[in-house]
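From first to last, the protein sequence lines stand for chains A and B.
Number 87 in the working numbering belongs to position 87 of the first sequence; there are no gaps in the numbering.
Number 1178 in the working numbering belongs to position 178 of the second sequence; there are no gaps in the numbering.
These are computed hints drawn from the structure, not numbers from a lab.
Possibly wrong hints are sitting among the right ones.
[What the hints assert, rightly or not] Simulated pairs of lysine to any residue, SDA-like, Cα-Cα distance not exceeding 25 Å:
1. A:Lys82 with B:Ala1049
2. A:Lys298 with B:Gln1018
3. A:Lys247 with B:Gly1060
4. A:Lys187 with B:Gly1214
5. A:Lys187 with B:Ala1188
6. A:Lys187 with B:Thr1218
7. A:Lys187 with B:Ser1161
8. A:Lys83 with B:Pro1012
9. A:Lys187 with B:Ile1192
10. B:Lys1191 with B:Gln1203
11. A:Lys82 with B:Ala1024
12. B:Lys1094 with B:Ala1049
13. A:Lys247 with B:Gly1039
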Amino acid sequence: MDTNGIPQTTPRFSATFDPHSLSEIRRAAATGIYDIRGGGAKRKLPNFDDLLFLGASMSRYPLEGYREKCGTDVILGSRFAKKPIHLKTPVTIAGMSFGALSGPAKEALGRGASAVGTSTTTGDGGMTPEERGQSKILVYQYLPSRYGMNPDDLRRADAIELVIGQGAKPGGGGMLLGQKISPRVAKMRCLPEGIDQRSACRHPDWTGPDDLEIKIAELREITDWQKPIYVKIGATRPYFDVALAVKAGADVVVLDGMQGGTAATQEVFIEHVGIPILAAIRPAVQALQDLGVHRNGKNSVQLIVSGGIRNGADVAKAIALGADAVAIGTAALVAIGDNDPQYEAEYNALGTTAGAYDDWHEGRDPVGITTQDPTLAARLDPVKAGRRLSNYLSVLTMEAQVIARACGKSHLHNLEPEDLVALTIESAAMARVPLAGTTWIPGSTNP
Amino acid sequence: MENLSFDLEATPLREINQFLHGDASNLSGKTIHISNPNGAHNIAVGLNAPVHVTIDGHAGYYAAGMNQHSTVTVTGSAGTGVAENMMSGLVHVKGFASNAAGATAQGGLLVIDGDAGLRCGISLKGADIVVGGSVGSFSAFMAQSGNLVILGDAGEALGDSLYEARIFVRGTVKSLGADCEQKPMDEASSKILGELLVKAGFQDIDVDSFKLYGSARTLYNFHVDNAGAY
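Using the sequences and the hints given, assemble the complete structure.
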């Protein structure tokens, strides 16, 4: 720019006080309350894109794409449960509550998962008949709030997931703001309508891993040792947390990274607490290996990982690093219709754009997924949305098989860290695989 | 009425609980004694029939957890989480109860003749609890619905972040938690208290000797001026 003949520098934004930071300061100053939103970490993080499969060539034989079998099934809960879970695909649907999601959205998740032989999971708010009815395999979450918790539903469940934390907010409790506490949600949670519900972050009747062991034993006794018991943790100190969960008697550990979504939490919590799933899987697997329960026949504790899974390559990479299955939440919501560009004008009216909408706590979701408004919720056809989800789950499974066959594996679970290399030093250190073209695993070997 | 006895020193807990989970029509009306509990955890959890169970001695964690329909008596003391998440029925502890007694209970009546530890009635969701003695700190934390009756004293932060549960205290309260306040004893509350005292076996106690506490409801929707209370 040239003013009065004197050359000027171009306007320059601060890299520290960038436009988003400035807008947040102004928003905080105007309202006096922290920013609340849904979803997981949006910042750029080391992730599965930083890993590559090597594939087969001279030293390993690939499998024929459409002729040679590549298994995808997984058994969860073989250690103590009389009735372990058998899934046809290792991609499960993560816990999301009725309350956070509409009834039709929960039904769609059940329909889509059941069509491909995988499980869905309840959330902080109890089990609905729609969800139980449409989910062949339903995991029932046991949360600190105990909203809607009852022994009849425990007995109706196929597995029980004792939730200690989640990746979006390890150390935080649930949150559902007044706009979504409809009469039905209020009744299920035994709360007054329209209040801001803030769930406890600690369980009311146990503290620490020694108590947890007794709590797990209680749940087993109530259900006559039939149901697998999962323990879900947010990724923070995965080696120690997984070891303690195993010691407490978990059949399955669910490990959720910071990219994993939430219905509503403070932005500062989502973006600044917890670690990416890429950094959490290897320490978790190490704990299972050190305790002799990683892929060790009947004495196995299975590991489900979640947080940022988008495609079959992510699924294959998680399994190669040692997970037995993955869980998807955000991707499942997108598959059934979340942030659909066809509603762009309505997203604009909410001050956002399709793809960036994350004010799920406000209950004004144009596609009718994260809402309790009956008019909006009616926009989602649970049958068609369920079909979209089953299509997507099939694609994830087939994509993972494509990669596994290229690596010469007759089952997804035969994928291993030796099939992987890393593109960055950070991801090499976190995933404990060599930097591509080298033998260097930062933290484990010398360059 | 048929009487059955189990000795926990001779019979594994799993067998006893499995028996107690049997066909409700076979269990209905039966009285079952469990001897030598010696502090074992998870005794008589998940019952779902109108059966009478007496635990002769001290129980460990979660005795009568998630109870439905049955009457469970602990002649000694009970560990953490007695009658946690009870749905219906009656649980009677003749001695003392440890922490989190009646946690998240949704229905039924829990009677503790002696004192209860910390967090009695935490996250209560509709059940009634009558404590003959005193309760520890943080009792009725986030209690949503139901009634907690305390014949003795209450510890610190009683009823913190309380929702719609009622708390009746006959003795002193060391301190009230955030958003818990004393309320005038209205007729409906007085009637509930009187009936609970009779049901719990304390019929000679005057309801007018109690104070009523409930939610001030100032924290139901966030406001920045209340930030210090959270």
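Hints, one by one, checked against the model:
1. Annotation: proposed proximity of Lys82 of chain A to Ala1049 of chain B holds, straight-line Cα distance about 24 Å (limit 25 Å).
2. A C-alpha spacing of about 24 Å is found between Lys298 of chain A and Gln1018 of chain B, which places the hinted pair at or below 25 Å, so the restraint holds.
3. Straight-line distance between C-alpha atoms of Lys247 of chain A and Gly1060 of chain B comes to about 20 Å, which keeps the hinted pair within the 25 Å bound.
4. A threshold of 25 Å between alpha carbons decides the hint, and for Lys187 of chain A with Gly1214 of chain B the separation of about 20 Å falls inside it, so the pair holds.
5. Taking the CA atoms of Lys187 of chain A and Ala1188 of chain B, the gap is about 22 Å. The hint holds against a cut of 25 Å.
6. Taking the CA atoms of Lys187 of chain A and Thr1218 of chain B, the gap is about 21 Å. The hint holds against a cut of 25 Å.
7. Among the hinted pairs, Lys187 of chain A with Ser1161 of chain B is consistent with the structure: their alpha-carbon atoms are about 19 Å apart, no more than 25 Å.
8. A distance of roughly 21 Å separates the Cα atoms of Lys83 of chain A and Pro1012 of chain B; the hinted pair therefore holds under the 25 Å criterion.
9. For the given pair, Lys187 of chain A sits about 22 Å from Ile1192 of chain B by alpha-carbon distance, which is consistent with the 25 Å threshold.
10. Between Lys1191 of chain B and Gln1203 of chain B the CA atoms are separated by roughly 13 Å; this keeps the pair inside 25 Å, and the hint holds.
11. Between Lys82 of chain A and Ala1024 of chain B the CA atoms are separated by roughly 23 Å; this keeps the pair inside 25 Å, and the hint holds.
12. Proximity of Lys1094 of chain B to Ala1049 of chain B is assessed by CA-CA distance (about 22 Å); at most 25 Å being required, the pair is judged to hold.
13. Restraint check: the Cα-Cα separation between Lys247 of chain A and Gly1039 of chain B comes to about 22 Å, which is no more than 25 Å; the hinted pair holds.
No hint from the list above goes unmet by this structure.
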